[in-house]
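A.B. asks: Listed below are the residues making up each chain.
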Amino acid sequence: MDRRPAYATAGPRRRCSLKLPEALKAKWFWYSILCVLCWGAWVLGSKLGSNEIPAASMQFIFAFGFIPVALLVLVLKPVRFEKSAKGIAYSLGNGILAGIGGLTLFAAYRSGGNTSVITAATALYPLITVVLPVLILRERLNWLQVVGLGFAVAAIIIFSL
Amino acid sequence: MHVPPWFWFGLVTLVSWGIVGLLQKLSTNYLSAEWALVWLAVGFFILEPWLYPGRVLFSYSAHALGWALLSGFFNALGAWALLAALKSGGKASIVAPFTALYPLVVVFLAPLVLHESITILQGVGIVCALIAVVLLSTETAPS
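Protein chains in written order, with numbering that gives the first Met the number 0: chain A, 0 to 160; chain B, 0 to 142.
Calculated from the structure, these hints are not laboratory results.
Each hint can be trusted.
Derived coverage of chain B by chain A (criterion: at least 3 residues anywhere in the stretch with Cβ under 8 angstroms from a Cβ of chain A; other residues may be distant):
#1 6-12
#2 29-38
#3 73-84
#4 94-102
#5 107-115
#6 124-131
If you anchor each label on the Cβ, the simulated ranges turn out as follows:
#7 B:W7 with A:A84: 32 to 40 angstroms
#8 B:Y51 with A:S159: 32 to 40 angstroms
#9 A:V152 with B:S116: 22 to 30 angstroms
Okay, derived cross-link-like pairs now, DMTMM-like style, lysine to aspartate or glutamate, Cα gap no bigger than 25 angstroms in a straight line:
#10 A:K82 with B:E47
#11 B:K90 with A:E138
#12 B:K90 with A:E21
#13 A:K85 with B:E47
#14 B:K86 with A:E81
#15 B:K86 with A:E21
#16 A:K85 with A:E138
C-beta atoms are modelled at their ideal positions from N, C-alpha and C, and glycine is treated no differently.
Next up, chain A with everything else stripped away, as it sits in the complex (with noise of 0.2 angstroms):
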């Protein structure tokens, strides 16, 4: 089974090139480089608002600042409706456990803990993606996996301190 992340099955594949020169010209590196910087937003933005409003409150707010953005999916690029009743199911269950740690996400982050540690530790959650498969579906991981989940458990002991 393909186990690459959600949006790589999205769209046309084509060769790209890790030569820095040329990933400059790239609209990819562009992009990725803009989702970083949302993302790392999308952090302070959480920590200065759980310092001043409860969980549930920020995430019931959260969910508002999607809106903009998943009109503009549908502007940019009109899809038609899709009514796979078990794609719609998924999504709907990916919302919900988002939500949920979105939800304890702000709660980490009102707890005063300090912020840089808390975000490393959360974006650890390819951990779960890439063990599941292979508790539930018998995959195997790459070498570099491995590697990657001895990391992942050192980072969580020293967390955890």
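Here the structure of chain A is known, so what remains is to put chain B in place on it, guided by the hints.
C.D. replies: Chain B only, in chain A's frame:
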């Protein structure tokens, strides 16, 4: 051993989002990434009745509400940018580990914006976490 209070909250986030990563893959087997993102946003709103804080919502300061709203906006915009990177020719095995480095932005900006600093041990943990997240985001060998 004293486990910091944020740790258990963080653990729930890690597990929830880990399962989301798996479900995202399953959802995009049936839906385009655009619709998967839209339905995910709808999923957020299923939780709203339980999260609604009541009239106290209107007593929060404008800038606190602004931070919460901006937080959601930037999170969604980041997800869209990731989608756009993959659709404009970015290879998942490069884009996914690259974008997983967003905690670095926080590590560099937190001292300036939040006036926070980290200990050497926390720094070692962050480096381990960043290496782990990049390695875990690499493609799995076909089974």
